[in-house]
Amino acid sequence: MWEDGAHTTYTGEQLRWACPCAECRGEAGLPGRLSRVKALSAEELRVQDVTLVGQYALQIAFESGHATGLYTFNYLRRHLMQ
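No gaps in the numbering here: position 13 of the sequence shown is 13 in the numbering used here, and each next residue is one more.
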């Protein structure tokens, strides 16, 4: 639940495709992995664990072992609610 009372639920698929890490999004002008693939395996889409990072983000681990993205609360609220 957000401070304004809004509720949101995200699927593992939504979260994985929105991963903000450099490997997935790209860096230094190079495209990330998610821009080069059309599909992800089931284990890449299933959330295994969620860890609070400070008071500003969640680190989401997927069954595939991918866990480098930090999903800030601002990012979750603004980008994934669209």
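Honestly, I wouldn't trust all of these hints.
To be verified - Now the in silico label distances, taken between C-beta atoms and shown as ranges:
#	residue 1	residue 2	range
1	Pro31	Gly5	34 to 42 Å
2	Pro31	Met1	32 to 40 Å
3	Gly54	Gly26	24 to 32 Å
4	Leu30	Tyr75	29 to 37 Å
5	Gly5	Val37	35 to 43 Å
6	Glu43	Arg78	27 to 35 Å
7	Val53	Gln14	18 to 26 Å
Unchecked claim - Restricting the straight-line Cα-Cα distance to at most 20 Å, the calculated cross-link-like pairs of lysine to any residue (SDA-like) are:
#	residue 1	residue 2
8	Lys38	Leu15
9	Lys38	Gln59
10	Lys38	Ser64
11	Lys38	Phe73
12	Lys38	Met1
13	Lys38	Ala22
14	Lys38	Pro20
15	Lys38	Glu23
16	Lys38	Gln55
17	Lys38	Ala18
18	Lys38	Asn74
19	Lys38	Arg25
20	Lys38	Gln14
21	Lys38	Tyr56
22	Lys38	Thr51
23	Lys38	Gly26
24	Lys38	Gly12
Simulated from the structure, these hints should not be mistaken for laboratory data. All residues carry an ideal CB built from backbone N, CA and C; glycine is no exception.
Against the structure, the hints come out as follows:
no. : hint                       : in the structure
1   : Pro31 to Gly5: 34 to 42 Å  : holds, 38 Å
2   : Pro31 to Met1: 32 to 40 Å  : holds, 35 Å
3   : Gly54 to Gly26: 24 to 32 Å : holds, 25 Å
4   : Leu30 to Tyr75: 29 to 37 Å : violated, 21 Å
5   : Gly5 to Val37: 35 to 43 Å  : holds, 37 Å
6   : Glu43 to Arg78: 27 to 35 Å : holds, 28 Å
7   : Val53 to Gln14: 18 to 26 Å : holds, 19 Å
8   : Lys38 to Leu15             : holds, 15 Å
9   : Lys38 to Gln59             : violated, 24 Å
10  : Lys38 to Ser64             : holds, 17 Å
11  : Lys38 to Phe73             : violated, 27 Å
12  : Lys38 to Met1              : violated, 32 Å
13  : Lys38 to Ala22             : holds, 18 Å
14  : Lys38 to Pro20             : holds, 17 Å
15  : Lys38 to Glu23             : holds, 16 Å
16  : Lys38 to Gln55             : violated, 33 Å
17  : Lys38 to Ala18             : holds, 14 Å
18  : Lys38 to Asn74             : violated, 27 Å
19  : Lys38 to Arg25             : holds, 14 Å
20  : Lys38 to Gln14             : holds, 14 Å
21  : Lys38 to Tyr56             : violated, 30 Å
22  : Lys38 to Thr51             : violated, 28 Å
23  : Lys38 to Gly26             : holds, 16 Å
24  : Lys38 to Gly12             : holds, 16 Å
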